[in-house]
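Asker: Each chain, written out:
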Amino acid sequence: MIPTRIINRYINALLDIAAARNITADVEQELRLVHQLLQENPDLLNMLLHPKISRLRKKKLLDEVLGKTVSAPVRNFLHLLVEKKREGIIPYVGEEFKKAADRLRGIIHATVKSAMELSAEHRQKLQTVMEKMTRSTVRIAFEIDAALLGGLQVYIGNGILDGSIQGRLNRLQKYLLERNVS
Amino acid sequence: MVLELRAEEITAIIRQEIESYKEELKMESVGTVLQVGDCIARIYGLDQCKASELLEFPHGVYGIALNLEEDTVGAILLGDASEIKEGMTVKCTGQVISVPVGDALVGRVVNALGEPIDGKGPILADKRRPIEGRAPNVVQRQPVKEPLQTGIKAIDSMIPIGRGQRELIIGDRQTGKTAICIDTIINQRSEYEAGNPVYCIYVAIGQKQSTVLGVMETLQKYGAMDYTTIVAATASDPAPMQYIAPFSGCAMGEEFRDTGRHALVIYDDLWKHAVAYRQVSLLLRRPPGREAFPGDIFNLHSRLLERAAKLSNELGGGSLTALPIVETQAGDFSAYIPTNVISITDGQIYLESDLFYAGIRPAVNAGLSVSRVGGNAQNKAMKKVAGSLRLDLAQYRELAAFTKFGSELDKATQAQLNRGERLLEILKQPQYRPMPVEQQVSIIYIANQGYLDDVPVNRVKDFEQGFLQYLKEKYSRVLEQFRVSKELTAEVSNTLNEAVVEFKKNFR
Numbered sequence: 001m002i003p004t005r006i007i008n009r010y011i012n013a014l015l016d017i018a019a020a021r022n023i024t025a026d027v028e029q030e031l032r033l034v035h036q037l038l039q040e041n042p043d044l045l046n047m048l049l050h051p052k053i054s055r056l057r058k059k060k061l062l063d064e065v066l067g068k069t070v071s072a073p074v075r076n077f078l079h080l081l082v083e084k085k086r087e088g089i090i091p092y093v094g095e096e097f098k099k100a101a102d103r104l105r106g107i108i109h110a111t112v113k114s115a116m117e118l119s120a121e122h123r124q125k126l127q128t129v130m131e132k133m134t135r136s137t138v139r140i141a142f143e144i145d146a147a148l149l150g151g152l153q154v155y156i157g158n159g160i161l162d163g164s165i166q167g168r169l170n171r172l173q174k175y176l177l178e179r180n181v182s
Numbered sequence: 183m184v185l186e187l188r189a190e191e192i193t194a195i196i197r198q199e200i201e202s203y204k205e206e207l208k209m210e211s212v213g214t215v216l217q218v219g220d221c222i223a224r225i226y227g228l229d230q231c232k233a234s235e236l237l238e239f240p241h242g243v244y245g246i247a248l249n250l251e252e253d254t255v256g257a258i259l260l261g262d263a264s265e266i267k268e269g270m271t272v273k274c275t276g277q278v279i280s281v282p283v284g285d286a287l288v289g290r291v292v293n294a295l296g297e298p299i300d301g302k303g304p305i306l307a308d309k310r311r312p313i314e315g316r317a318p319n320v321v322q323r324q325p326v327k328e329p330l331q332t333g334i335k336a337i338d339s340m341i342p343i344g345r346g347q348r349e350l351i352i353g354d355r356q357t358g359k360t361a362i363c364i365d366t367i368i369n370q371r372s373e374y375e376a377g378n379p380v381y382c383i384y385v386a387i388g389q390k391q392s393t394v395l396g397v398m399e400t401l402q403k404y405g406a407m408d409y410t411t412i413v414a415a416t417a418s419d420p421a422p423m424q425y426i427a428p429f430s431g432c433a434m435g436e437e438f439r440d441t442g443r444h445a446l447v448i449y450d451d452l453w454k455h456a457v458a459y460r461q462v463s464l465l466l467r468r469p470p471g472r473e474a475f476p477g478d479i480f481n482l483h484s485r486l487l488e489r490a491a492k493l494s495n496e497l498g499g500g501s502l503t504a505l506p507i508v509e510t511q512a513g514d515f516s517a518y519i520p521t522n523v524i525s526i527t528d529g530q531i532y533l534e535s536d537l538f539y540a541g542i543r544p545a546v547n548a549g550l551s552v553s554r555v556g557g558n559a560q561n562k563a564m565k566k567v568a569g570s571l572r573l574d575l576a577q578y579r580e581l582a583a584f585t586k587f588g589s590e591l592d593k594a595t596q597a598q599l600n601r602g603e604r605l606l607e608i609l610k611q612p613q614y615r616p617m618p619v620e621q622q623v624s625i626i627y628i629a630n631q632g633y634l635d636d637v638p639v640n641r642v643k644d645f646e647q648g649f650l651q652y653l654k655e656k657y658s659r660v661l662e663q664f665r666v667s668k669e670l671t672a673e674v675s676n677t678l679n680e681a682v683v684e685f686k687k688n689f690r
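Keeping their order, the protein sequence lines are chains A and B. Using this note's numbering, the letters of the first sequence correspond one by one to residues 1 to 182. Using this note's numbering, the letters of the second sequence correspond one by one to residues 183 to 690.
Incorrect hints may have been included.
To be verified - Computed far set for chain A versus chain B, every beta-carbon distance over 12 Å:
{"id": "1", "residue": "Ile23"}
{"id": "2", "residue": "His79"}
{"id": "3", "residue": "Asp102"}
{"id": "4", "residue": "Val154"}
Stated by the list, open to error - Ranges of calculated distance between the beta carbons of each label pair, as one might list FRET restraints:
{"id": "5", "chain 1": "A", "residue 1": "Ala120", "chain 2": "B", "residue 2": "Arg188", "range": "25 to 35 Å"}
{"id": "6", "chain 1": "B", "residue 1": "Asp220", "chain 2": "A", "residue 2": "Asn76", "range": "41 to 51 Å"}
{"id": "7", "chain 1": "A", "residue 1": "Asn8", "chain 2": "B", "residue 2": "Thr193", "range": "17 to 27 Å"}
Hints were generated in silico from the structure; no laboratory data involved. No experiment lies behind these values; they were computed from the predicted model shown. Cβ coordinates follow ideal geometry from the N, Cα and C atoms, glycine included.
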């Protein structure tokens with residue numbers, strides 16, 4: 001389980017600073033870099049998470065590895081996480097920051113599941129319909145799920161719009177079971 | 183009813199149903215199961231979820247949202263949790279949990295969700311009711327004034343229960359708590375036959391399956407299932423089912439109350455209900471309080487029992503009587519749950535194992551038991567005879583304690599003791615033998631008048647039986663008149679005096 005509650009506290013603070021200084025895009029870029037670095041060097045992450053290595057050494061290590069590539073807010077942010085013994089959330093901050101920044105920009109992420117590949121024309125149509133519906137920019141991730149049989153399932157945030165054949169069959173089944181037929 | 187069902191008929195019905203089926207596509211709020219176990223699920227998402235909303239899990243399992251936290255929802259699962267896995271999708275339904283109510287439930291055995299478990303086919307109820315409801319307010323009520331006859335002499339005379347009252351039955355295990363309730367249900371048979379039934383709902387919470395079966399068979403044997411519903415959440419059911427069972431039973435009773443009829447609901451027992459709720463609460467990480475019960479355990483029971491009421495005449499004058507049972511551990515009445523429920527209810531019936539083993543059954547402790555509604559719930563005749571009965575018994579108990587060792591007693595004391603012994607004897611009553619109120623009054627009347635004083639104590643039971651039989655045969659007209667008028671007129675008492683003198687001549 002990702003500790004979203006803790007991550008969001010730190011991310012929101014960083015986002016406030018970045019927005020105030022108008023460097024949101026830079027911070028996003030830098031955090032992605034950090035994420036990439038950690039993925040390529042698992043040993044680095046292991047060292048950061050190791051309980052026997054002192055905080056001072058971890059901070060030094062971060063400085064040495066990242067050097068001048070990151071700006072002061074990001075550097076301080078990472079130091080703060082080490083200081084507060086929250087190194088564990090460092091691998092997630094890149095992704096979460098992107099989500100939070102997009103929310104601020106008014107970009108909504110949605111997932112559309114379909115039984116088969118959608119044509120470019122259909123995708124374009126979905127895009128316009130959903131942008132009209134939500135009145136903001138929508139980034140759609142398309143997925144294929146053969147179990148749906150047909151139709152579409154749209155996920156936006158915590159909501160779901162189920163127009164798939166499977167979903168409709170499920171609802172029909174429930175309706176028939178609930179009817180009192182004597 | 184069903185003679186033969188042809189395949190094409192079924193197809194036609196289903197086709198018709200499918201044709202009339204309409205659906206709308208709407209945005210549904212969903213979440214993901216983070217953690218599931220012990221009939222508890224923690225769900226991420228569901229940001230539109232409201233408190234105690236019904237949640238829909240895959241595989242037709244439902245749940246109730248109890249904890250709304252910053253980004254998770256804690257829910258209890260109703261049904262088979264073994265199919266639910268981490269990562270599954272949960273939907274809000276926008277409804278609260280409800281059970282079927284009405285006449286279709288009479289004579290059935292159902293689980294806490296109102297689904298039949300007696301193998302007698304589906305319940306064709308056209309109405310459902312949310313299990314949690316607001317209790318009637320002050321304006322909608324009226325004082326309790328009609329008696330609810332239990333058919334038990336010791337209770338109807340000294341601790342009368344009125345329709346709309348909440349009377350706690352408390353005692354250790356094996357003291358006859360359930361027996362009193364079963365007798366009360368059986369005694370409602372006469373009301374049912376008179377066309378003015380008191381619908382009974384027996385809610386079994388955390389009982390053994392075999393006990394529930396035993397209760398059902400007893401009720402069937404005495405023809406009491408014709409007006410009774412059993413709601414069973416047995417020991418093998420998950421804790422959430424035991425937690426909602428009394429609320430389901432109450433909702434079924436409320437339907438009768440709100441349609442101007444009378445209902446009686448028995449919660450057997452609230453101690454186990456509290457334990458089930460404690461389990462659910464602790465697993466949901468709510469902070470524990472005294473005896474590890476959650477902080478809202480008092481509110482849980484008081485909002486349940488407040489729904490018992492006598493409605494005003496404008497609302498039809500229906501009533502819902504509640505008989506909660508609480509089991510004590512080794513006679514400890516001052517434990518948390520017993521004291522809570524004692525303070526909520528309008529009185530309590532104490533049952534004691536010492537009395538039970540001394541052969542006084544029902545083992546009612548007349549000194550500690552009270553009914554705060556009292557005489558308002560008694561008819562005039564009973565009120566008249568019960569007053570002196572209470573007094574005589576109280577004096578007897580006081581004297582008996584003093585004269586345990588002494589042998590020389592003056593005549594008055596001896597007479598008092600004699601009377602007391604015989605009164606105690608007539609208050610004993612075998613199980614499953616509820617007695618109509620007019621017979622109760624007759625026997626208590628003659629005992630009060632001293633006609634039993636010269637009958638040996640061990641023959642009092644025979645005398646009572648013989649005398650009541652004699653009354654039925656010779657004076658049935660007076661008994662009938664008495665039953666209707668419910669008053670101990672001079673004429674009636676004279677007849678009783680005459681009858682007892684006549685009967686005594688032949689009693690040897």
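Asker: Enumerate the violated hints, using their earlier numbering and listing them in ascending order.
Answerer: Hints 4, 5 and 7 contradicted; others consistent.
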